[in-house]
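Asks: In case you want the letters, here they are:
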Amino acid sequence: MAIEDDVLVVGGGVAGMTAALAAADEGASVRLVTKKQSTLRHASGLVDVLGYAPDGKLLADPFDALTDLPADHPYALVGAEAIRAGLERFDAVAGELYRGGHTEKNALLPTHGGTVKPTARYPASAAAGLASDDRDALLVGFETLTDFDAPLAAEHLEAAGVPFDARGATVSFPGEPRADAKVTRYAHALDEDADGERGRLAARVARVHDGEPRVGFPAVLGQEHPADVRAALEADLDADVFEVPMGPPSLPGIRLEYAFRAALDDAGVHTVRRPVVDYETDGEGRLSAAVVERNGQHIPHYADSFVLATGGLVGKGLDSDREAVREPVFDCHVPQPEDRYDWFRDEAFGEQPYARFGVDVGDDLRPRDEDGRIEFENLRAAGSVIGGYDFATECSGTGVSLATGDAAGAAAGADTQ
Amino acid sequence: MGTRTEVLVIGGGSTGCGVVRDLARRGVDTTLVEKGTLTNGTTGRMHGLLHSGGRYAVSDQASARECIEENRVLRDIAGHCVEETGGLFVKRPEDDEEYFQEKLQGCRDCDIPAEVLTGAEAREREPYLAKDVEKAIAVPDAAVDPFRLCVANAVDAENHGARVETHAEVTDLLVEGGEIVGAEVTHESGKGPREHGTPGEVEEIYADHVVNAAGAWAGRIGDHADLDVAVRPSKGVMTVMNTRQVDTVVNRCRPKGDADIIVPHETACILGTTDEEVGDPEDYPEEEWEVDLVIDTLSELVPILQEARTLRSFWGVRPLYEPPGTGTQDPTDITRDYFTLDHEERDAVPGMTSIVGGKLTTYRMMAESITDHVCEKLGVSATCDTADAPLPGSERPGDLEAAMERFGLRSPVARRSAQRLGSRTEDVLASCDPNPVVCSCEGVTRAEVRDAIDDSGTDLNAVRIRTRASMGNCQGGRCAHRMAAELHPEHDEATARAALDELWAERWKGQRHALWGEQLSQAMLNRAIHGATMNRDNDPARTDDAVDWDAFDGGRSDAGEGEVGEEGIHGD
Chain U
1 MAIEDDVLVV GGGVAGMTAA LAAADEGASV RLVTKKQSTL RHASGLVDVL GYAPDGKLLA
61 DPFDALTDLP ADHPYALVGA EAIRAGLERF DAVAGELYRG GHTEKNALLP THGGTVKPTA
121 RYPASAAAGL ASDDRDALLV GFETLTDFDA PLAAEHLEAA GVPFDARGAT VSFPGEPRAD
181 AKVTRYAHAL DEDADGERGR LAARVARVHD GEPRVGFPAV LGQEHPADVR AALEADLDAD
241 VFEVPMGPPS LPGIRLEYAF RAALDDAGVH TVRRPVVDYE TDGEGRLSAA VVERNGQHIP
301 HYADSFVLAT GGLVGKGLDS DREAVREPVF DCHVPQPEDR YDWFRDEAFG EQPYARFGVD
361 VGDDLRPRDE DGRIEFENLR AAGSVIGGYD FATECSGTGV SLATGDAAGA AAGADTQ
Chain L
1 MGTRTEVLVI GGGSTGCGVV RDLARRGVDT TLVEKGTLTN GTTGRMHGLL HSGGRYAVSD
61 QASARECIEE NRVLRDIAGH CVEETGGLFV KRPEDDEEYF QEKLQGCRDC DIPAEVLTGA
121 EAREREPYLA KDVEKAIAVP DAAVDPFRLC VANAVDAENH GARVETHAEV TDLLVEGGEI
181 VGAEVTHESG KGPREHGTPG EVEEIYADHV VNAAGAWAGR IGDHADLDVA VRPSKGVMTV
241 MNTRQVDTVV NRCRPKGDAD IIVPHETACI LGTTDEEVGD PEDYPEEEWE VDLVIDTLSE
301 LVPILQEART LRSFWGVRPL YEPPGTGTQD PTDITRDYFT LDHEERDAVP GMTSIVGGKL
361 TTYRMMAESI TDHVCEKLGV SATCDTADAP LPGSERPGDL EAAMERFGLR SPVARRSAQR
421 LGSRTEDVLA SCDPNPVVCS CEGVTRAEVR DAIDDSGTDL NAVRIRTRAS MGNCQGGRCA
481 HRMAAELHPE HDEATARAAL DELWAERWKG QRHALWGEQL SQAMLNRAIH GATMNRDNDP
541 ARTDDAVDWD AFDGGRSDAG EGEVGEEGIH GD
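From first to last, the protein sequence lines are chains U and L. Using UniProt numbering, the final residue of the first sequence is 417, and nothing's skipped along the way. Using UniProt numbering, the final residue of the second sequence is 572, and nothing's skipped along the way.
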């Protein structure tokens, strides 16, 4: 029997999972095809909406700058209400795992580099670390975890002028992990608590703790049971405990992925972990199937409506060689300078054309070809496969995925009614 | 008041480092000044080939003989800087058979061991060689780490009383009564190892003799005393691949041409090169076509290069020189030989000798000859021992296995560390416990990074060339900030941040030339980690705008001050 659904979503990151949930909410039967692990585990786990205006101004309220965005920015296309709808969906998925939904203001969070960054939603595990909170903080690093140097991060926070005293200390992690242990090893040890790691860690921290009302750790405080780990440390230290978000692999990102997967299960979305290698059309401008590879066989997955949410350059939703940048799944047009030496500028940060690469969509989120015509009537795009914005500099990554994912998924679901 | 030294050597490339070592070992009080890090100019921008001499066996047999002789010397005295890869001169169907035979005969004439392999035999050694490669000549080419080599020379010089100053630029020559008597040196950040944020200072260094070993910059040094040192800088591109597609040096067996060599190097392969004369050794175009040319042309020898991931490209400038009146048009025709220009003999300006031309493989021999020349001027009779005395790190080759046993590092990490450190492994690795990995792409541990910092101050690029940290697939995305963190607390936060920014800029510079495929994805991931997760691009600590902290989310109102267990969920 042929595989056939109302909506087929390609891509398993925040945008794809959000689109699948939105489509399912419309009553559609939904299948999600994803190639491999999502890039959530590369990201900090913070949910940014918009941290900086186009002129580089730090935004206390992301909604203040929406009208300043260029016309082809995904937010300009979908509008403020789509952003709010995306956030609402996120809050429903994340539940008590996340904070920040009580206000439209951005929060400022300390990062593992010691700087602060604006974000709209943050893990509950990071909540006690807010940089606008004026309680003094002790940051604790582990000798063997080179990604987070707590004393340096504390000095960096002070250089940023945070309204509290920050102090850093380094302790050895109980059990002396191997010199090149992965960060998940720390999380598992605290989850299992087999040799009393939670208590032993608290005892080591207590020796350097000088009564600061909050204590920050690298974001490795448990993968399965983070709230238990934190509660145990808080009880022993008599202080609030928070996690400082880190680079990949990110435990908060992995935890968030689990929350989304649970929501997908509840919504009855089928998830398939295989690559899409080809597609079929009806010959009249509509997609009829995405062809999925399974054990060397090519299996068409039919649907009425499709969502492309394969990610950007990091997630390999965009592919390139020396000649060109491409969208490899449905071969949608990706605007780009012809000469690859115009893809970049000489400064490491700042304006970089490559950072804005992606498919070109209209306000209906349908990808357009180079002449501005709709590629496929029943295909919409969501998340960082869409071009026209630089999530890294403007701090907008997850927000765009939520807003466009929700809008594309809802429209795809509604189409099939 | 200036400082005094017997000999001032200008330039911290292989030639300068070789000369300062030789002079110091002969008991001459010597100072070396280098305007950047050691190997900052040409030496650090080569493909790392230790010539067997095979390359010159047809065109320049004198050079070929020197190469094979020094190749053997360096395996002996600098074992921890050399990887004995072997080399192949490979013939494709369109390459000239007569030249192949000339190459073979040339090698034999020059005492270079050479063995003819059939195409099948060559592919047995290097399975990715093109199927239509007809045959090959196997020669004892090797890979050499020019950074480690120069650092070892400089360290040995210091151990024998020399002074080595990096980030010390010669800003003028001191001329008195028509004689060069020293140089004005501007220290970027005071004397000694570089410290970010330390104010610069100017020092006049008086010397009995000055050796101008500034390579492609030798003409600039000459200009300070109106001496015409007509170096002809010629640029060449090198492209770094992310893995070793070949484990043997692969040369194209044809008379000459661009893009004809692949050198396996540590975890990577380096493709080279082009040869284009440029006007200015510091300001020349780095062009897309050069990168494309090396990939496309070398893919004829090793087809998978066409699809492989490149990490970055860099350019070097050769310090080519030819005596006045030769009039060679094409830089590829200019000799790779070196010239000693005694300005007293040549220009009637005593006090300085310039060294131009030459190549890394024969740096020690060049240094010996220059040192002989200088010693004769100074009346020093000590003889050269640099061909026999091992460089620091290569004294006890057996230490490698022992060190791997002793430091419970997982074996690949320990092996890499021990190969880099040679006989210093035990001392360095024992200095830090625990000793976590800082750079996971290259398996570089905290002990090595701290050892390099002890040596070179806050200059993370100097740390990079000593350790290879940040030189792997991620190009520093995962480890640059970890390297900077090792500067703290000896150095303050602002210093660590400035050092990180400088390393980051340098890592980006080469990656720009590899922005497609995997490396473009990596660039975006690096941008996400450093720009978004760490927000380094908009870091409030570096912007002048004060943050209005109260305007931001202050946390949920029910999370009261000092309240423990704020969310009350247990178990996810």
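Any given hint could be a false lead.
[Claimed, not checked] Straight-line Cα separation of at most 35 Å, DSBU-like style, residue types lysine-lysine; simulated pairs:
id	chain 1	residue 1	chain 2	residue 2
1	L	LYS256	L	LYS135
2	U	LYS182	L	LYS131
3	L	LYS377	L	LYS131
4	U	LYS316	U	LYS36
5	U	LYS36	U	LYS105
6	U	LYS316	L	LYS131
7	U	LYS316	U	LYS35
8	L	LYS131	U	LYS57
9	L	LYS191	L	LYS377
10	L	LYS509	L	LYS191
11	U	LYS182	U	LYS316
12	L	LYS135	U	LYS35
13	U	LYS182	U	LYS35
14	U	LYS182	U	LYS36
15	U	LYS57	U	LYS316
16	U	LYS316	U	LYS105
17	L	LYS509	U	LYS316
18	L	LYS509	U	LYS36
Rather than coming from a laboratory, the hints here were simulated on the basis of the structure.
Asks: Which hints, by number, does the structure contradict?
Replies: 2, 3, 8, 12
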